[in-house]
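Chain residues, written in single-letter form:
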Amino acid sequence: MTDFLLELRSEEIPARMQDKAREDLARLFTAELAKAGLVPAAIETFATPRRLALIARGLPQATQAVTEEVKGPKSSAPAQALEGFLRKTGLTREQLAERDGVFFAVTEKPGRATADVLAEAIPAIIRAFPWPKSMRWGAASASPESLRWVRPLQGIVALFGEEIVPVEIAGVASGATTLGHRFHHRGPITIGSAADYAEKLHACHVIVDQAERRALIRARATALAAEAGLTLVEDEGLVTENAGLTEWPVPLLGRFDAAFLDVPPEVIQLTARVNQKYFVCRDGEGRLANAFICTANIEAADGGAKIVEGNRKVLAARLSDARFFYETDLKVPLEEQVRKLDRIVFHEKLGTVADKVERVAKLARWLAKEGIVPGADPDQAERAARLAKADLVTGMVGEFPELQGLMGGYYAAAQGESAAVSAAVRDHYKPVGQGDEVPSAPASVAVSLADKFDSIMQFFGVDLKPSGSKDPFALRRSALGVIALILENNLRFPLRRTVDAEVLEFFADRLKVQQREAGVRHDLIDAVFALGGEDDLVRLLARVHALQAFVGTEDGANLLAGYKRAANILKKEGAADFTFVAPSYAPEPAEAALITALERAEPEAARAVAAEDFEAAMAALATLRAPIDAFFDQVTVNDADPARRTARLALLGRVRAAVHSVADFSKIEG
Amino acid sequence: MTQPLSFQGMILALHDYWSAQGCVILQPYDMEMGAGTFHPATTLRALGPEAWNAAYVQPCRRPTDGRYGENPNRLQHYYQYQVILKPSPPDLQDLYLGSLKAIGVDMTVHDIRFVEDDWESPTLGAWGLGWEVWCDGMEVTQFTYFQQMGGFDCRPVAGELTYGLERLAMYIQNVDNVYDLAFNDRGVTYGDVFLENERQMSTWNFEVADTDALFDLFRKAAAECENCLSRGLPIPAYEQAIKASHSFNLLQARGVISVAERQAYIGRVRDLAKGACAAYMEKNGWAA
Chain A
1 MTDFLLELRS EEIPARMQDK AREDLARLFT AELAKAGLVP AAIETFATPR RLALIARGLP
61 QATQAVTEEV KGPKSSAPAQ ALEGFLRKTG LTREQLAERD GVFFAVTEKP GRATADVLAE
121 AIPAIIRAFP WPKSMRWGAA SASPESLRWV RPLQGIVALF GEEIVPVEIA GVASGATTLG
181 HRFHHRGPIT IGSAADYAEK LHACHVIVDQ AERRALIRAR ATALAAEAGL TLVEDEGLVT
241 ENAGLTEWPV PLLGRFDAAF LDVPPEVIQL TARVNQKYFV CRDGEGRLAN AFICTANIEA
301 ADGGAKIVEG NRKVLAARLS DARFFYETDL KVPLEEQVRK LDRIVFHEKL GTVADKVERV
361 AKLARWLAKE GIVPGADPDQ AERAARLAKA DLVTGMVGEF PELQGLMGGY YAAAQGESAA
421 VSAAVRDHYK PVGQGDEVPS APASVAVSLA DKFDSIMQFF GVDLKPSGSK DPFALRRSAL
481 GVIALILENN LRFPLRRTVD AEVLEFFADR LKVQQREAGV RHDLIDAVFA LGGEDDLVRL
541 LARVHALQAF VGTEDGANLL AGYKRAANIL KKEGAADFTF VAPSYAPEPA EAALITALER
601 AEPEAARAVA AEDFEAAMAA LATLRAPIDA FFDQVTVNDA DPARRTARLA LLGRVRAAVH
661 SVADFSKIEG
Chain B
1 MTQPLSFQGM ILALHDYWSA QGCVILQPYD MEMGAGTFHP ATTLRALGPE AWNAAYVQPC
61 RRPTDGRYGE NPNRLQHYYQ YQVILKPSPP DLQDLYLGSL KAIGVDMTVH DIRFVEDDWE
121 SPTLGAWGLG WEVWCDGMEV TQFTYFQQMG GFDCRPVAGE LTYGLERLAM YIQNVDNVYD
181 LAFNDRGVTY GDVFLENERQ MSTWNFEVAD TDALFDLFRK AAAECENCLS RGLPIPAYEQ
241 AIKASHSFNL LQARGVISVA ERQAYIGRVR DLAKGACAAY MEKNGWAA
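One line per chain: the protein sequences are A and B, in this order. Mapping the first sequence onto my numbering, position 120 (from 1) lands on 120, and the numbers just tick up by one. Mapping the second sequence onto my numbering, position 216 (from 1) lands on 216, and the numbers just tick up by one.
Just chain B, with the same shape it has in the complex:
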């Protein structure tokens, strides 16, 4: 058996594969976000009639998932590989399975399953139907046909694939601890790159981050989003919505948002994101 792909090797293989399928290969968006779906290349480009095929890696920040580097699976910063194909091609499932093959998954000995999982993002006012894809019982990909984004029907529907890169790599490399992953083929591990980062960021997320400053950031981002919207600038407005969303996630990790307030904050972010989507539709002259 050949040497399994390293973490970066896997990313490169996916880039090659999706590039060959006609995707634009983008680089990560330079903002903190909770999921690859928040990247404007997915959120905003899912809107409107134009064809759009893109693939990219997106670092994801989930402050509450931090475990100070002590949990073998949970990270507050990790990578998603995101593919969006609009309109969704008729052979999307086969294309996806082809990508698994490209990173070394042997489907004669592994059990791949499409298990119902309806996707919903309350903060983006978005939902879709699809599956979580299981490989030997492990969820390795979220597979979604977007039905709505920012409260607008997707016409046409885009297919979205979100690969959990660390999980997939742990699986391909057969390691039990994320920090033991081979990052490259020269002995650098995932832990070498990120362990200290996880420790310090967990401490900051849970214990240190200045909550007054975060509340302030949230308010300012929300206000700036409104400001952009009033000037007909959906893309900067959307960036401010992303900022507000991340500040909210940090506040949650600091445990200063009560259950009752939580819904109100989510509602606020959704309104901002929806506002940006509506402005994007309008600016492009697409009727709702």
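Next up, chain A with everything else stripped away, as it sits in the complex:
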């Protein structure tokens, strides 16, 4: 068994694409080899900024010889059939095998050298490679058919055992030589085989294994912070990104001017992370420290002093820009910024952001005044809503759009707005996605709800609804935000008071999706939704949850079975609507017992539903289980006497109705 090494060396591959590229390489390689019947014992893949590599272990020297047999006509068939078969297979009569009166064409496919299979596979993989963005380059790009790769492809190492697998694509011929680190190693390196690949590269300052580079960055950054008496703010995304930008990662700690700490910590962290890919640290009290950790790609001759100094300067320039925006913004009262919102179009069909602010302010006030958001002060809610979008025209948010809301909160607090108003300005976009924090302060809840309700209703109003996979205005996310706000804060109000039927249905759909994702059985959700008319989300979910608990019990399962039997009979009899009347004959004992049980359970269930005690409602229904079972055991529904038959069907109808007072059990599976 032999190992195969493939290295595709190119100019710098974007960090964010490297993981997916490794997966794609393994997948395409496996598929190409599978076509020849080859299955490697194991595949490893590696990526650095300058190379994408694969090692396939345990390949045979040649593929297995295969015998292929094609069935032909019967030997008794007319001569034309045989002639046709010979033409098709290109064989002569003598070459055919005959078995049990049938001709067979048998071809022996000899095994192929694995090296030949690889030589065909490599160009196929390169040409089929699904880079998210690829490019043409060089003189060859005069032709539109020239090879596309993520960046110019520079070299190919293809070694099967110690032998070069000869391939050539776009003027690049395979060989055994590659390059080491761009600055630490000059000249080519000759690789012996897959066995010495990682080791030889390491000697030339390339750590080819991304996991090793990541571990190194993680450990070294943590240690640097600790040596400085600080704690690293861990950031796995940054670890991966820096590992994707380096072949020989060298984390270095630097300090920035502590005066910049006047700028909000979120701004500093964002600047450091997004623009510079630096880690940040916290001090003993958990505050952001004036330190950064950058990851260099060289072991600098001066120990990194110049690199740290250069990076410090860049960060200082970025932070002084941020501080410039922050200080400039602080000089302008938010009311003044708000006046500029009539210049920003919210949507061409929906007017400006100023128009939106006006609507949201009214709605937020109303939500507070009506007690829909308990404890919210109408004045605070309105004030916060009026200021909420002001930061959109600030310099800071212009530079870092992801800081919207957060900066508004800072500016509101700085101009002396109350804590409630500042927090509402800050948090009114939340929750942004699943797992995001859901506001709970009353004014924040009111403004956040109003903002999202407004977007949904306005876009629906001009028929810009989400459809299929398209949701350009993120209305589904807004609806999930509304649902989370309502449920987490236990807000009790009929949604109909704020939205129309179409939007209500949209919310219902979102709620179903959300509950399904939360692991609630979809049939139970359907069973509750099928009752219709429910627009209080808190109550609706309480019912779903009680139902889920109930059907999991033995009583629940049996009641469901009894219900199904009753419903099936009613369906078969086409008995849609029966008004129950007391039997005009002497009912059988089980029949009488069921009537008695219903008379007890019905008001009990109704009372419990009214009190929103759905567990109690389920318990009331559970008392029907034994009488229903007994009824089916002992009473013939389809009695010869039409009066009895009708009365019993009506009784079953009553059972069904009683159960439906809690949920539509017909939707429940099982």
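Worth flagging that the hints you see were computed from the coordinates, not collected in a lab. Wrong hints could be hidden among the right ones.
Covered stretches of chain A, as calculated for chain B (at least 3 residues, CB under 8 Å) [said to hold, decoys possible]:
{"id": "1", "segment": "142-148"}
{"id": "2", "segment": "506-519"}
The calculated lysine to any residue pairs, modelled on SDA-like cross-linking and capped at a C-alpha distance of 25 Å, are [claimed, not checked]:
{"id": "3", "chain 1": "A", "residue 1": "Lys331", "chain 2": "B", "residue 2": "Phe206"}
{"id": "4", "chain 1": "A", "residue 1": "Lys331", "chain 2": "B", "residue 2": "Thr64"}
{"id": "5", "chain 1": "A", "residue 1": "Lys306", "chain 2": "B", "residue 2": "Gly104"}
{"id": "6", "chain 1": "B", "residue 1": "Lys283", "chain 2": "A", "residue 2": "Ala139"}
{"id": "7", "chain 1": "A", "residue 1": "Lys340", "chain 2": "B", "residue 2": "Arg262"}
{"id": "8", "chain 1": "B", "residue 1": "Lys101", "chain 2": "A", "residue 2": "Ala305"}
{"id": "9", "chain 1": "A", "residue 1": "Lys20", "chain 2": "B", "residue 2": "Asp117"}
{"id": "10", "chain 1": "A", "residue 1": "Lys340", "chain 2": "B", "residue 2": "Arg254"}
{"id": "11", "chain 1": "A", "residue 1": "Lys200", "chain 2": "B", "residue 2": "Thr108"}
Listed below are several chain B residues computed to face chain A (Cβ distance under 7 Å; list not exhaustive) [stated by the list, open to error]:
{"id": "12", "residue": "Pro49"}
{"id": "13", "residue": "Gln93"}
{"id": "14", "residue": "Leu95"}
{"id": "15", "residue": "Asp111"}
{"id": "16", "residue": "Phe114"}
{"id": "17", "residue": "Glu116"}
{"id": "18", "residue": "Leu129"}
{"id": "19", "residue": "Tyr145"}
{"id": "20", "residue": "Gln147"}
{"id": "21", "residue": "Arg155"}
We treat Cβ as the ideally placed atom computed from N, Cα and C, and that holds for glycine.
Dock chain B against the given chain A, drawing on the hints supplied.
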């Protein structure tokens, strides 16, 4: 350690270096433009099959970046060093690193990195893939393989290098404020040359420029561009597109273009630039 290069010394070193690589050394284009890429030696010459290697300094005007001379890094007028090599040579990265060495960057103590940055110019209908080149975390060069220009596929692809000269010089000279840069080796600073210019131009860009006149200029340039196109004159047409683009940039600095209108103006400039590119292709007999 030897004395670091002055600002002008750095430009001369780059001229020497790229001249030795066979580039035509051009002088700045005599029009206001937002980036060196707008120079016809890049935009128009990136089109078509002919080989073309050129290098030049281009003053760039970014009215909204003006800071009245008070920000150590931001300027409304600055210089880019622009290199275009068509077709892109196979050793372009090495050639580029050679140019850094030529201006005194020691790669044993500095961290040079090629960080993904896909370039796109909506106003030129152009895009390319490449990197921003980082030196110790600072972006010093935009490195791009042009894929499309004026909406046309580049056949062959050109490699474009855009050096931010002030940043690079600040870095080489180890100064924190652009105005402290040594312009030459005789004590003249960048501030001596440009500080007052930045102050006055920032005031004009942000506060004074006559917006009615600018709107008018935009319209007239657009109309003249169309006029040139109708007469089969792509180069003058392209110049008018550059004029329209700069008028638009000034209007933005004056804060009189709303977010909604912005896209429409960019679209208008793109149409003009694309029209000029299409006419250039046609005039040279190159099929799209």
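Does the alpha-carbon distance linking Lys331/A and Phe206/B stay inside the 25 Å limit? Distance ~18 Å between Lys331/A and Phe206/B Cα, so the pair holds.
Restraint check, 7 Å cut-off on beta carbons, for Arg155/B near chain A: holds, 5 Å
May I ask you to test the interface hint for Tyr145/B with respect to chain A, counting a Cβ-Cβ separation under 7 Å as satisfied? holds, 5 Å
For the pair supplied as a hint, Lys20/A and Asp117/B, confirm whether the alpha-carbon distance does not exceed 25 Å. holds, 18 Å
Satisfaction of hint between Arg262/B and Lys340/A, Cα-Cα up to 25 Å: Satisfied, since the Cα-Cα distance of roughly 16 Å is no more than 25 Å.
Hey, does the Glu116/B contact hint survive, CB to chain A under 7 Å? holds, 4 Å
A closest beta-carbon separation below 7 Å is what the hint needs, so does Leu129/B meet it against chain A? holds, 4 Å
Decide if the proposed pair is consistent with the structure: Lys200/A and Thr108/B, CA atoms, cutoff 25 Å inclusive. Holds. Lys200/A to Thr108/B sits at ~21 Å (cutoff 25 Å).
Is the hint on Pro49/B kept, meaning its closest Cβ partner in chain A is under 7 Å away? Holds - the Cβ of Pro49/B comes within 7 Å of chain A, reaching about 6 Å at its closest.
Less than 7 Å between beta-carbons is the criterion; does Asp111/B satisfy it with respect to chain A? holds, 4 Å
Agreement of Lys331/A and Thr64/B with the hint, judged by alpha carbon distance not exceeding 25 Å: Status holds; Cα separation ~20 Å.
Sort out whether Ala139/A lies within 25 Å of Lys283/B, counting only the CA atoms. holds, 23 Å
Going through the hint list in order, the structure does not satisfy hints 2, 14.
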